[in-house]
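Chemist: The chain contents come next:
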Amino acid sequence: MSIDKKRLKKNLQNCPYLTAISIIWLFLTIGGVILLWYRDYGGLEWRSLWSSPVFAVIMEKEMHGSVTGLPPTEPAMVKIPDTDRDNGVQEENKIPAVMETLEKDSEHAEQMRSFLAQKEQEEKEMAKIVEEEAEEPVGQTVFVDYDPVETDSIYYEDAGKLALTTDYAYTKVKEEYFTDAVFLGDSRTMGIADYAGLDADFYCENGMTVYKLLDEKGVTYQKTGEKADLNQVMQQKHYGKIYLMLGMNELGYGNTEYFLEHYQAVLEQIRQWQPQAIIFLMANLHVNREKNNLNTEFNNININAKNAAIATLANGTDTFYLDSNPLFTDEEGLLKDDLTFDGVHLYANNYAQWRDFLMEHGVVRKNNRSDENVETHRPAEYQAEINQIK
Amino acid sequence: MLFSSVEFLFRFLPVFMLLYLAVPGKYRNLVLLSGSLLFYGAGEPYYVLLLVLSILVNYGAGRLIIDKKETYGKITLILSICYNFGVLFVFKYWDFAAQNLNRLLGGISSGEMIPFLSLALPLGISFYTFQIVSYLIDCYNGRIGEKVSFTAFASYVTMFPQLIAGPIVKYEEVAERMKERKIHPKAVESGLKLFSIGLGYKVLLANQIGTLWNSIMTAGAGNLSVAVAWLGAFAYSFQIYFDFWGYSLMAKGLGRMLGFRIPKNFDDPYMSRSVSEFWRRWHITLGRWFKEYLYIPLGGNRKGYVRTAFNLLVVWTLTGLWHGADFNFALWGLLFFVLLSIEKKGFGKWLEQKKVIGHIYVIVLIPVTWVIFAISDMHQLGMYLQNMIGIHASNALAGSEQVFRYIKQYGVLFILCVLFATPYPMKQYQKYKYKWYTVVIIVAIFWFSVYEIMSGSNNPFLYFRF
Chain A
1002 MSIDKKRLKK NLQNCPYLTA ISIIWLFLTI GGVILLWYRD YGGLEWRSLW
1052 SSPVFAVIME KEMHGSVTGL PPTEPAMVKI PDTDRDNGVQ EENKIPAVME
1102 TLEKDSEHAE QMRSFLAQKE QEEKEMAKIV EEEAEEPVGQ TVFVDYDPVE
1152 TDSIYYEDAG KLALTTDYAY TKVKEEYFTD AVFLGDSRTM GIADYAGLDA
1202 DFYCENGMTV YKLLDEKGVT YQKTGEKADL NQVMQQKHYG KIYLMLGMNE
1252 LGYGNTEYFL EHYQAVLEQI RQWQPQAIIF LMANLHVNRE KNNLNTEFNN
1302 ININAKNAAI ATLANGTDTF YLDSNPLFTD EEGLLKDDLT FDGVHLYANN
1352 YAQWRDFLME HGVVRKNNRS DENVETHRPA EYQAEINQIK
Chain B
2 MLFSSVEFLF RFLPVFMLLY LAVPGKYRNL VLLSGSLLFY GAGEPYYVLL
52 LVLSILVNYG AGRLIIDKKE TYGKITLILS ICYNFGVLFV FKYWDFAAQN
102 LNRLLGGISS GEMIPFLSLA LPLGISFYTF QIVSYLIDCY NGRIGEKVSF
152 TAFASYVTMF PQLIAGPIVK YEEVAERMKE RKIHPKAVES GLKLFSIGLG
202 YKVLLANQIG TLWNSIMTAG AGNLSVAVAW LGAFAYSFQI YFDFWGYSLM
252 AKGLGRMLGF RIPKNFDDPY MSRSVSEFWR RWHITLGRWF KEYLYIPLGG
302 NRKGYVRTAF NLLVVWTLTG LWHGADFNFA LWGLLFFVLL SIEKKGFGKW
352 LEQKKVIGHI YVIVLIPVTW VIFAISDMHQ LGMYLQNMIG IHASNALAGS
402 EQVFRYIKQY GVLFILCVLF ATPYPMKQYQ KYKYKWYTVV IIVAIFWFSV
452 YEIMSGSNNP FLYFRF
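Line by line, the protein sequences are chains A and B. Quick note: to get the numbering used here, add 1001 to the position in the first sequence (first position is 1). Quick note: to get the numbering used here, add 1 to the position in the second sequence (first position is 1).
Think of the hints as simulated: they come from the structure by calculation, not from any bench. Each hint should be verified, as a subset may be incorrect.
Taking lysine-lysine pairs in the DSSO-like style, the calculated list, with each CA pair at most 30 angstroms apart, reads [to be verified]:
#1 B:183 - A:1010
#2 B:265 - A:1006
#3 B:409 - A:1007
#4 A:1173 - B:436
#5 B:434 - A:1011
#6 B:183 - A:1011
#7 B:409 - A:1228
#8 A:1007 - B:434
#9 A:1006 - B:183
#10 B:27 - A:1010
Per label pair, the in silico range of CB-to-CB distance [claimed, not checked]:
#11 A:1332 - B:339: 40 to 46 angstroms
#12 B:409 - A:1273: 54 to 60 angstroms
#13 B:105 - A:1333: 27 to 33 angstroms
#14 B:50 - A:1007: 45 to 51 angstroms
#15 B:445 - A:1272: 43 to 49 angstroms
#16 B:227 - A:1331: 29 to 35 angstroms
#17 A:1153 - B:105: 42 to 48 angstroms
#18 B:442 - A:1262: 52 to 58 angstroms
#19 A:1015 - B:304: 52 to 58 angstroms
Short, incomplete list of chain A residues facing chain B, as computed with Cβ under 10 angstroms [what the hints assert, rightly or not]:
#20 1011
#21 1013
#22 1015
#23 1021
#24 1022
#25 1141
#26 1144
#27 1172
#28 1174
#29 1192
#30 1195
#31 1212
#32 1274
#33 1341
#34 1343
#35 1349
Every residue, glycine too, gets a C-beta built ideally from N, C-alpha and C.
Assemble the whole structure, with the sequences as input and the hints as a guide.
Modeler: This is the structure in structure tokens:
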């Protein structure tokens, strides 16, 4: 069978759109094949091209569930033990009960008992330290270990430990405390900006990441709605407190080490600009059951891995780790369904609780403490709900 | 596999089309059938078996109805309809029914009297069930006279352009083309153009405006000022329209590329002046199905006002529930029943004459109905509707500040949505579709859509949950 050239030509003229799309398709396909070849045999920095959407069309073998249109298969049950949800009075009574249940579980009992003993010891020591060094107390960030789950992802693995809010004698503060505060973050910080009613500076944006935060393109300043370059802002204005909350949009970009490296770099840069500021590293909020998908990198294990990494950067003197997850998550560590529409962000009315949490976790330097009436307290919240850790 | 996915656009469709065009005419149905099963199986590897079972059972039933019409025709029809709706019920409504029955029976005994099945909804089951039932009834009514070959029937049911989200095609509409169809390059060209426009509606309008609805719902249904609540209602109204219309347009375009004529599903519904008119222009093939296979058999409007009202009640409750197994869908259907009953008394005619009032009536009411459609949680729904009329339990947290920001962010998109909800762009397209600049524009739409698909991840078809 020979091709009728005349007919082909006529058809091509009649079908400019079809021709155009076919050319695009051919271009992408051939381009993709060449890139694959380069990737496999070297010779070209293909990584940069990989991220270009055009070539990714052909090359990326597995897209995210939502793009392929496959319904997220079976809502994965991930148990992130959420240790410090019930803070307060009952804490004291909990441990005997926990011990009892642990007796039954002989495998873990020994481990847990030693953990508890160690914990108690630590606490005593801490209390001592706090008493002794009444000058400037030092907080400590405690990690609770648990058995990590097997994961199969290039983006994360289960950290096997859970970071608790830095233990410290926090001060209960009033709203004026936030007038020299700045919040840096992603869409969740936008929620705080919109609905928590705090009079602070907010530089945040949907989809913000540590990789973009200090970009020259800038971050939206919520008071004006204009983009502002933090490199300039941070050198011009001096803040007393800096709240940093990032990590969600980084879940599917690089692994946890890569993330931590960049997060630390950002933190160090900010510290350099603002040596006097108290920096709060805020934990990323978990997602709800529906959004917690083990088949993708978008799940609480990954969030927890990022949070645990972030918490290692808290030093308890001028950098603190705050975990507000206990306020909003259930006993499995999942964001409660009745607090959220999309499984990721809180309803507007829940930010008041978050604000209260921040107000309970003020850090006021002794030498700056003008108001002697401020109430210093120590939220007893890092006792683990150890029966979760199994 | 979604139309707006890389797999479909860059792998399935080109390969399928090449194969489809390359084989001789008599094998095209076979290629179409296997391609469609592959298309479905890629997303539903298990439920494709259910689909195949349905095809086998219903093909047999159809043959029996035609061959033994006098003797077994009626009983076969009834049994096969029971089979189809039975399957639909088990997969779509069982848990909803069980939940409510358990609640009702809760007073009598404790525990779950009726167990839950927790089955995932097979993709497109509502659509193909209706299509199959229309085929069976048409066989019985003699509208399908001659024998239909198995491949033809199976291709009709599974045809991938309309398999998962309609339009609900009647067999007679594709019967001729099933036997023989010539494929002109020009038809492929114009089909592909329609497809690309539909893709643009879906990806560039529906998905984008959908993020506004999402962020408003994220703030919480009970925290909205009147303005924000209405902004959300309009955003959702546009989202569902461009989503579904975009999909229907893609189906129509693909159908044309394959040599079929798939019926029109939308006719600028937001330009209507009454709710009755709206439903003549929105999801036309579904309305047609209910009218021809339920409303008219029930007696339609020929048996007096009371009987007409009853028929409407049945039709609209079922229309509501067809869209989803939840109370809000039933409520949504019932609201249309009320509105249409009132309009039937002459109010509708009056509205359609008063141009401006009619338009305002539709523009205000339809978004309210979509809010009911969108929110399945009755408590949330109640709060949202209250917010729309200014009743607030506490201060509206999302207020003027948000309105200002949303308008800044979505203002242009809103204007585009309004523009594309009018017949004007399509008219222009029809007029200039062979001009070179139209081609350039559509290539750009295609390109941007692909770009968005690649970079955004939030792109599910709304109608997929039905």
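Chemist: Hint by hint, note whether the structure agrees.
Modeler: Here's how the hints hold up against the structure:
{"no.": "1", "hint": "B:183 - A:1010", "in the structure": "20 angstroms, holds"}
{"no.": "2", "hint": "B:265 - A:1006", "in the structure": "37 angstroms, violated"}
{"no.": "3", "hint": "B:409 - A:1007", "in the structure": "54 angstroms, violated"}
{"no.": "4", "hint": "A:1173 - B:436", "in the structure": "70 angstroms, violated"}
{"no.": "5", "hint": "B:434 - A:1011", "in the structure": "18 angstroms, holds"}
{"no.": "6", "hint": "B:183 - A:1011", "in the structure": "18 angstroms, holds"}
{"no.": "7", "hint": "B:409 - A:1228", "in the structure": "14 angstroms, holds"}
{"no.": "8", "hint": "A:1007 - B:434", "in the structure": "24 angstroms, holds"}
{"no.": "9", "hint": "A:1006 - B:183", "in the structure": "20 angstroms, holds"}
{"no.": "10", "hint": "B:27 - A:1010", "in the structure": "27 angstroms, holds"}
{"no.": "11", "hint": "A:1332 - B:339: 40 to 46 angstroms", "in the structure": "44 angstroms, holds"}
{"no.": "12", "hint": "B:409 - A:1273: 54 to 60 angstroms", "in the structure": "34 angstroms, violated"}
{"no.": "13", "hint": "B:105 - A:1333: 27 to 33 angstroms", "in the structure": "31 angstroms, holds"}
{"no.": "14", "hint": "B:50 - A:1007: 45 to 51 angstroms", "in the structure": "48 angstroms, holds"}
{"no.": "15", "hint": "B:445 - A:1272: 43 to 49 angstroms", "in the structure": "46 angstroms, holds"}
{"no.": "16", "hint": "B:227 - A:1331: 29 to 35 angstroms", "in the structure": "34 angstroms, holds"}
{"no.": "17", "hint": "A:1153 - B:105: 42 to 48 angstroms", "in the structure": "45 angstroms, holds"}
{"no.": "18", "hint": "B:442 - A:1262: 52 to 58 angstroms", "in the structure": "45 angstroms, violated"}
{"no.": "19", "hint": "A:1015 - B:304: 52 to 58 angstroms", "in the structure": "54 angstroms, holds"}
{"no.": "20", "hint": "1011", "in the structure": "9 angstroms, holds"}
{"no.": "21", "hint": "1013", "in the structure": "9 angstroms, holds"}
{"no.": "22", "hint": "1015", "in the structure": "6 angstroms, holds"}
{"no.": "23", "hint": "1021", "in the structure": "5 angstroms, holds"}
{"no.": "24", "hint": "1022", "in the structure": "6 angstroms, holds"}
{"no.": "25", "hint": "1141", "in the structure": "36 angstroms, violated"}
{"no.": "26", "hint": "1144", "in the structure": "32 angstroms, violated"}
{"no.": "27", "hint": "1172", "in the structure": "27 angstroms, violated"}
{"no.": "28", "hint": "1174", "in the structure": "22 angstroms, violated"}
{"no.": "29", "hint": "1192", "in the structure": "8 angstroms, holds"}
{"no.": "30", "hint": "1195", "in the structure": "7 angstroms, holds"}
{"no.": "31", "hint": "1212", "in the structure": "16 angstroms, violated"}
{"no.": "32", "hint": "1274", "in the structure": "28 angstroms, violated"}
{"no.": "33", "hint": "1341", "in the structure": "8 angstroms, holds"}
{"no.": "34", "hint": "1343", "in the structure": "6 angstroms, holds"}
{"no.": "35", "hint": "1349", "in the structure": "4 angstroms, holds"}
In this structure, the hints that do not hold are numbers 2, 3, 4, 12, 18, 25, 26, 27, 28, 31 and 32, in rising order.
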